[in-house]
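J.: Single-letter residue listing:
2 protein chains.
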Amino acid sequence: MASNSRCAACKYLRKRCPSDCIFSPYFPSNDPKRFENVHKIYGASNIARMLQRIPVHLREDAANCLHYEAHCRVQDPVYGCVKLIYQLQQELNVAQNQLVKAQAEIALLLNVYGPPEDYISGPQTSEEDLSYSFENCYTQPNIHGHLPLDPSSMGSGLM
Amino acid sequence: MASNSRCAACKYLRKRCPSDCIFSPYFPSNDPKRFENVHKIYGASNIARMLQRIPVHLREDAANCLHYEAHCRVQDPVYGCVKLIYQLQQELNVAQNQLVKAQAEIALLLNVYGPPEDYISGPQTSEEDLSYSFENCYTQPNIHGHLPLDPSSMGSGLM
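Line order of the protein sequences matches chains W and L. The first sequence begins at 1 in the numbering used here and counts up by one. The second sequence begins at 160 in the numbering used here and counts up by one.
Please note: incorrect hints may appear among the correct ones.
Think about it this way: if two alpha-carbon atoms lie no more than 30 Å apart in a straight line, the pair counts; the simulated BS3-like pairs of lysine-lysine are [unchecked claim]:
| # | chain 1 | residue 1 | chain 2 | residue 2 |
| --- | --- | --- | --- | --- |
| 1 | W | Lys15 | W | Lys33 |
| 2 | W | Lys40 | L | Lys199 |
| 3 | W | Lys40 | L | Lys192 |
| 4 | W | Lys101 | L | Lys260 |
| 5 | W | Lys15 | W | Lys40 |
| 6 | W | Lys11 | W | Lys40 |
| 7 | L | Lys170 | L | Lys192 |
| 8 | W | Lys33 | W | Lys11 |
| 9 | L | Lys174 | W | Lys40 |
| 10 | W | Lys11 | L | Lys199 |
| 11 | L | Lys199 | W | Lys33 |
| 12 | W | Lys40 | L | Lys170 |
| 13 | L | Lys192 | L | Lys174 |
| 14 | L | Lys174 | L | Lys199 |
| 15 | L | Lys199 | L | Lys170 |
| 16 | L | Lys199 | W | Lys15 |
Just so you know, the hints here were simulated from the structure itself, not pulled from any lab data.
Given the sequences, and given the hints that come with them, work out the whole structure.
T.: So, in C-alpha cells, the structure goes:
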C-alpha cells in the first residue's frame with residue numbers, strides 16, 4: 001500500500017496500513033492531530049483493543065468520544081472532560097433552582113388573582129419534564145452532531 | 160518493602176513499591192479496582208507519565224478524574240463519560256427552555272395585573288445568572304466532592 005494512502009494512525013506509527021486496519025475508518029490521513037491526541041492519552045494498542053471489542057457500527061461513535069476525551073485531557077491535563085461535567089452540573093443546578101423559584105412566583109400570582117380571562121397558560125413545567133431518558137443514545141447512528149466534539153470550539157468553552 | 164504495604168498499582172503490576180512511587184498516594188492498596196480500571200483504559204505507563212507532568216498538589220484531582228473517566232468507559236465502552244456530558248446538556252437545555260417560558264408567563268401575568276400589593280418579588284432571573292464561570296475550579300483543593308465520582312452511584316445515573 002502506498003505511503004500516501006496510509007491512515008493517520010499508521011502514518012504516525014510509521015507502519016504499513018493493512019486493508020483491514022482497525023484505525024483507518026476513524027483516523028483519516030487528513031486529520032493527523034486526531035490520532036496524535038488519542039495516542040498521547042491512551043496509546044495505540046489500548047485504542048485498537050478498545051475499538052476491537054466494540055461492534056463495528058458503534059466504533060465511529062467510540063472513536064469520536066475517545067477523541068473528545070483525549071482532546072479535553074490534552075487541553076486540561078488535570079481535569080480533562082470531567083471539568084465540563086462539573087460545569088454543566090453547576091449550570092443545571094442554577095437553571096433548575098431558578099425554575100423552581102419562577103414556578104413558585106407563577107403559583108403566587110395565580111393564587112392572588114386567578115388566571116386572567118385571556119390568559120393562555122404557558123407550558124406547565126413539572127418534575128417529569130425535567131427528567132431525562134438517555135435510552136435513545138444507543139439508537140443514534142452518530143452522537144457526533146449532538147456533542148461539542150469540535151475541538152476548535154472547546155478551548156474557550158472549557159477554560 | 161513488604162508485600163502488604165505495596166500500593167494497588169504495584170500489587171497489580173507485581174512489582175516492588177518504591178518509597179517515591181508515583182501511584183502510591185492515589186491508588187491505595189485497599190481499592191484495587193480503582194487502579195484496575197485506569198490501567199485497563201490508559202495503561203500504567205500512560206498514567207504514570209500523565210501524573211508526572213502534573214504539579215504534585217493537583218495530582219490527586221487528576222487521579223480522581225482519570226479514575227472517573229476510566230470507570231465510565233469500562234461501564235460504557237462506546238460513549239464513556241461523554242454520554243453524561245450529552246445527558247447533562249440535554250437536561251440543561253430542557254431546564255433553560257422551561258425557565259424562559261416560565262419567565263414569559265410571569266411577565267404576562269404582571270403585565271395584565273401589575274404586581275399585587277403584598278407581592279414579594281421572587282428572585283428575578285436573568286441571562287447573567289445563567290452564565291457560569293469555571294475559574295474557581297483550579298483553586299479547589301479537591302474536585303472529588305463536587306462531582307459524581309462515586310462509581311457505585313454511576314450505574315443507574317448513566318444508564
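J.: Does each hint hold? Answer for all of them.
T.: Now for the hints, and whether the structure bears them out:
| no. | hint | verdict |
| --- | --- | --- |
| 1 | W:Lys15 / W:Lys33 | holds, 17 Å |
| 2 | W:Lys40 / L:Lys199 | holds, 16 Å |
| 3 | W:Lys40 / L:Lys192 | holds, 24 Å |
| 4 | W:Lys101 / L:Lys260 | holds, 13 Å |
| 5 | W:Lys15 / W:Lys40 | holds, 17 Å |
| 6 | W:Lys11 / W:Lys40 | holds, 15 Å |
| 7 | L:Lys170 / L:Lys192 | holds, 12 Å |
| 8 | W:Lys33 / W:Lys11 | holds, 12 Å |
| 9 | L:Lys174 / W:Lys40 | holds, 25 Å |
| 10 | W:Lys11 / L:Lys199 | holds, 25 Å |
| 11 | L:Lys199 / W:Lys33 | holds, 24 Å |
| 12 | W:Lys40 / L:Lys170 | holds, 25 Å |
| 13 | L:Lys192 / L:Lys174 | holds, 17 Å |
| 14 | L:Lys174 / L:Lys199 | holds, 17 Å |
| 15 | L:Lys199 / L:Lys170 | holds, 15 Å |
| 16 | L:Lys199 / W:Lys15 | holds, 25 Å |
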